[in-house]
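Participant: If you want the building blocks of each chain, they are given just below.
Number of protein chains: 2
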Amino acid sequence: MSTPQPSDTSHWPPPFLLYLGNAPDDLAAKTARGLVQFRPEWCVGQFRGPQCKTSVHVPDMGFAEAVQAGARTMIVGVANAGGSLGEAAVHDVVAALDAGLNVASGLHERLASHPRIVEAARRNGRHLFDARTPPETPVGNGLPRAGLRLLTVGTDCSTGKMYTTLSLETEMRARGLKADFRATGQTGIFVAGRGIPIDAVVADFISGGVEWLSPDRHDGGWDLIEGQGSLFHPSFAGVSMGLLHGAQADALVLCHEPGRAHMRGLKHYPVPGLRETLEANLEAARLTSPGVVAVGVALNTSRLPAAEAEAACRQAEDLLGLPAQDPVRDGVARIVDRLQACFAD
Amino acid sequence: MSTPQPSDTSHWPPPFLLYLGNAPDDLAAKTARGLVQFRPEWCVGQFRGPQCKTSVHVPDMGFAEAVQAGARTMIVGVANAGGSLGEAAVHDVVAALDAGLNVASGLHERLASHPRIVEAARRNGRHLFDARTPPETPVGNGLPRAGLRLLTVGTDCSTGKMYTTLSLETEMRARGLKADFRATGQTGIFVAGRGIPIDAVVADFISGGVEWLSPDRHDGGWDLIEGQGSLFHPSFAGVSMGLLHGAQADALVLCHEPGRAHMRGLKHYPVPGLRETLEANLEAARLTSPGVVAVGVALNTSRLPAAEAEAACRQAEDLLGLPAQDPVRDGVARIVDRLQACFAD
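Protein sequence lines, in the order shown, are assigned to chains G and D. First residue of the first sequence? That's -18 in this note's numbering, and the numbers climb one at a time after it. First residue of the second sequence? That's -18 in this note's numbering, and the numbers climb one at a time after it.
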């Protein structure tokens, strides 16, 4: 079975069985957890191996049982220590295909690279979908596009950009606005049903990939583009820069985790300041979107007590003159208020 | 035959037969021209097809004749209109392998993707080398590295970064300094005998690829890293940003073509100013190299009369307080003077 482009769910239809395998910790189940949080109606159960050390709190079930419960696709979101699929997981994927499930994966290692998996998919007439295999897109052209676009940017990786972007979608839709989350990472792709794994495209095609993801839009609605990385992350800033240029954003929301000791994975790099981060992002964004404005700050205060969380938000508001909220604690209503005020016609 | 990593010339030894095929214009023969210019001692001849519209001014010869003249590898540097190898070129590559040549290519389309070519290499015990296939490298870590590094940056693509970097190598070696060109594009890789095609790596690995290319150096010499693109090019700035962070440059040289009407390939984008470009590059470079300094400006004045070229250099010098030279007309001696003055211990 060929690996289709990640353009829609026709090859990996919900509902889903979430494959946790032998996930060693909570972080390893990030994709499954994101699906349970944002698409609970798609998640009929989880499959856990004998060494699994986490749960996403949906019913445990086997492959045949999942099919009986209505599951159509198994989502593989966890790798073993080496980042590869591993012998046990390959065995399980083959068993899931034999039980009648399609299989989709967000791992760097492709399902399609395993002949036994490819053969099992063919034998059962099921589809394989590798979310980390990017579609082929043109290089970016920077031409002005119709429509409105918002991008989340951050001081660092893993500051809550996906969560914030999805929260904005929820809040805007609740107000009757047209707004669509545009996914750039594997968890987001599974939640949205489409998207582009922007960290996996060939370097020359980063901005082009984002242009492909959020083309001209004529219905007055917003594309809410999931940001990645940080302009200040020495490993990944190239991705963030291309994303910023390709997004051609009208509005930015800055995401940050107060109190983080250093850049993710890099103990020798401090986290940049909010003002510095916002100014660098606005400056770079102006290349393709001269009128870009910041409309808010989303703080991930999950490790702070309530009083400190509130103080962190107030401090950010005073510093930048923008509404600052923790989307988990407070929602994003005041950020959307500001967005609407800035773009009222 | 497997495609080896572009780490050295053991699989594509010089001397070379340069394959121009049916190149429609001078630009299509850019890689062959770069080799003739910087490695004339490696170029025994050129092979031109019946519709070839250019020459790199080395003797025309067939495959068997090239082998007799000592050629060991044929370098394929030109694609047909669609960017692909084309039926005629595939036929020629097979014939070259049958004549006993190894074959190396800088095209996006891989030699190894053609079964007829792979089979001919196997049959003749020859090697295939795809310079556009990047080596696998770790992600960047931004850790301080020993040694001295210089990076060329530009207002735009194709402003002479490779030429400038190679000219710096020539000038510095003539002064008895240790200095090595580090290639990031396919022509540079053929000239240097190793390198990484940085625009072809997966987006997450841009800075890591450059760290791999220019590791710790303890002999007091310089790595001279070939820049790519521009922080102000909406299509490719992600590559330039990752390159800048990965290079961890001690010194920058700014490359520019005075009088260019717009960004390459993008009529709707003006070329940024020299000062703006230099400041943005220094600012971004400081993330991984806080003490970075600019040491010169290299102007490509090939389309200007001599008086205007001279005026453009004077103007750049006055604007930035840095030596400005056209490496083709004037060499880069004054830029190297400045480099030595800045890094005299």
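Possibly wrong hints are sitting among the right ones.
Which copy is meant is left open, because identical chains are indistinguishable; a pair holds if it fits in one copy or across any two.
Claimed, not checked - Result set (SDA-like, lysine to any residue): computed pairs, CA atoms no more than 25 Å apart in a straight line:
(1) Lys248 with Glu22
(2) Lys248 with Ser94
(3) Lys248 with Pro(-5)
(4) Lys159 with Glu291
(5) Lys159 with Arg241
(6) Lys159 with Arg20
(7) Lys159 with Thr35
(8) Lys159 with Arg295
(9) Lys34 with Ala127
(10) Lys248 with Ser139
(11) Lys248 with Leu124
(12) Lys34 with Leu158
Hints listed in this document are in silico derivations from the structure and should not be mistaken for laboratory results.
Participant: Which earlier hints can't be squared with this structure?
Facilitator: 1, 2, 3, 4, 5, 7, 8, 9 and 12
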